[in-house]
Amino acid sequence: MTQEVKTYTVPTMADMAASGDEPEILFWVGCAGSFDDRYKRVTIAFVRILNHVGIKFAVLGPEEACTGDPARRAGNEFLFQMQAMANIQVLNGYNIKKIVTACPHCFNTLKNEYPELGGNYEVIHHSQFLQGLINEGRVRVKDGESFKGRRITFHDSCYLGRANKIYEAPRDVLAALDADLVEMKRVRANGLCCGAGGGQYFKEPEPGTKDVNVERVEEALGTGADTIAVACPFCMTMMSDGVKNKNREDSVRVYDISELIAQGQGL
Amino acid sequence: MEIFQQILFVVALVATAWYITKRVRLIARAINLGRPENRFDHADERLKTMLLVAFGQKKMFANPLVGVMHFVIYAGFIIINIEILEIILDGILGTHRLFAPYITPVYPILIDVFEVLAFGVLVVCVVFLCRRFIARVSRLQAERHRELRGWPVSDATIILVAEIVLMVAFLTWNASDSVLRDRGVGHYGELQGVVPDFLISQYLKPLFAGFSDTALVAYERTAWWLHILGILAFAVYVTYSKHLHIALGFPNVYFSDLQPKGEMQNMPEITKEVQLALGLPVTTGADGSQVNDNGEQPAEVGRFGAKDVQDLKWINLMNAYSCTECGRCTAACPASITGKKLSPRKIMMDTRDRMEDIQRGWQTHGNDYQDDKSLLGDYITAEELNACTTCQACVNACPININPLDIILQLRRYRVMEESQAPASWNAMFSNIENNMAPWKFSPSDRFNWADQVNEVK
Ligand code: SF4
Ligand code: SF4
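Residue numbers (our numbering), protein chains in the order written: chain A, 141 to 407; chain B, 42 to 499.
Don't read these hints as lab results, they were simulated from the structure. Virtual Cβ for every residue (Gly too), placed ideally from N, Cα, C. Possibly wrong hints are sitting among the right ones.
To be verified - Footprint (simulated), chain B over chain A, 3 or more residues, beta carbon under 8 Å:
| # | stretch |
| --- | --- |
| 1 | 182 to 193 |
| 2 | 212 to 218 |
| 3 | 302 to 308 |
Pulled out of the complex, with its shape left as it was, chain A reads as follows (with noise of 0.2 Å):
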């Protein structure tokens, strides 16, 4: 029996352009998806249901950068808009209209804050997209791993829902999976933040009794969950930390919504 092999591409935005191509939609890695090491196996299941389901998308590759969004909400203006400004140059050069991007943060920033400074674009996070695969029937989650009696909790980004308002798109997504979904106390509007927004990410936290994400993942323990879902490469960390912190992480991992929707497709 010969086993199919599967090959996935990833098409860059140059060469599509050099060829007179234009995507579907372009991918938006942002830089935990393109650098950190736990992130890019994200970036990579994202990645294969893309082609999994043929759609026609791109990335910038080495031509993207840093939104800006840490250095803004840390204070640093200056160097948001230089960020902003040159990565607005990048997009409207190819003629950008439809963005997906795996990070709230990079997804705020691209949907909110750019139009003020010329960049304006349809833009999608992938929770929203990946609902819109299932929704349409082009994701079908039973050829890979059964999520049976496994038990679920997702964790609510700031960005993506007080922020955004997006609540029940990531819950969607993981209604597809054959799993029990389980709500921790503080949810959607009231849940709490992971400890790594506002670059809080980028530096030790300030003097306290506890630090964030440790609360927020015993939390998420109390809940009986197996599964921490999250839909942000600064949820993924916090929570992973947070895992480890309580010496959790033999029996409770931590997933983005696109990885459990490829394991569950087999991809």
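Following the hints, complete the assembly by docking chain B with the ligands onto the known chain A.
Quick look at chain B with the ligands alone, frame taken from chain A:
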């Protein structure tokens, strides 16, 4: 005798109006210290928000029980104001229950409604005192929240006790009045047959059964004066108190932010600098803010970010005067929850304290007075600012759409751009973004390396 009371009443009324006008002008002047910003756009959306959030108290119902209790006080406050109208006219004209003969059929119904509300307010105020001092609701405890120590706790207690006293005065006034009417004493007796007993105060009548007619009249007058003078004093007091939210809550919600919570406000003055630095043509901002109506560049901006209240926007300052110190923001704040120094409620209270200190300076040293203090440093510290995750939980939690995060961000901007005072690891992050186009120290040419692993088995 009657005319003497009337004169006294008019004097009290005029004095209150004069004093409140003075206070309002002082507060308006302090709010006007803030930078201008147009919040008169999108009238429909603003009106809708105000109807839902301020009139409808939508966000208060996030906690339904407290929402209902607050609604009772709120409805009581608004509706009992109609009753004040009769009291004021009675006071000026020396009449007694002026409206009763003219609207005989509805009059008792109206008073019954007022009484039910007054009783409701009374009960809720007692419950609220119990929440503070017996159930010890965490966000209201001074031991846990340093910003509440001293005056804020007294302020809250004074208000609750005052409301209880006012409501007791109102109900017992009606009761003593009913007894006098039954006994046919003087002008009280004239309303016999016109005005019946009222829903709540009828049960208080036995309290007065043993009173002589003279004692009863004395009580009736005392309760009436206590009620109306109490209300006037309350109106003055409110201008010094967190209770200013009963007035400012409405405009505060009307003028609140309309953009998505995650969107941080753009700084057009920086856009120009960046466009020059990148060699791009200088454009006007989306709101035309770069160029004014005459096509001239506006005057140079004083500072990047905010050091003191003058650098904030007027809406930030109105926010501070509207804050009820309820602490819902702080109870939701991840930094506060995990014991960091930051408390969004304190940010709002500090901003207000700063303005009140400035006001006191004006009053003692004249309107040009300036001290050498500033909001940043003397009131709010860097440690507090640096702890914020910009999660917007505070913004979401506030029942009257106050935005503490906006102030935090503007103060951060000042520290970073004017004082170059960011924590060292933030400076490292900044230089990574500047040099490597990512917050980490990776080579930009490695950004696409992940693609090599796409076909490797997991
Ligand atoms: S935005 Fe900042 S101040 Fe507000 S709740 Fe979050 S961490 Fe606290
Ligand atoms: S800012 Fe809003 S939530 Fe916070 S204490 Fe003031 S009124 Fe309450």
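Hint check against the structure, violated hint numbers in rising order: No numbers; nothing is violated.
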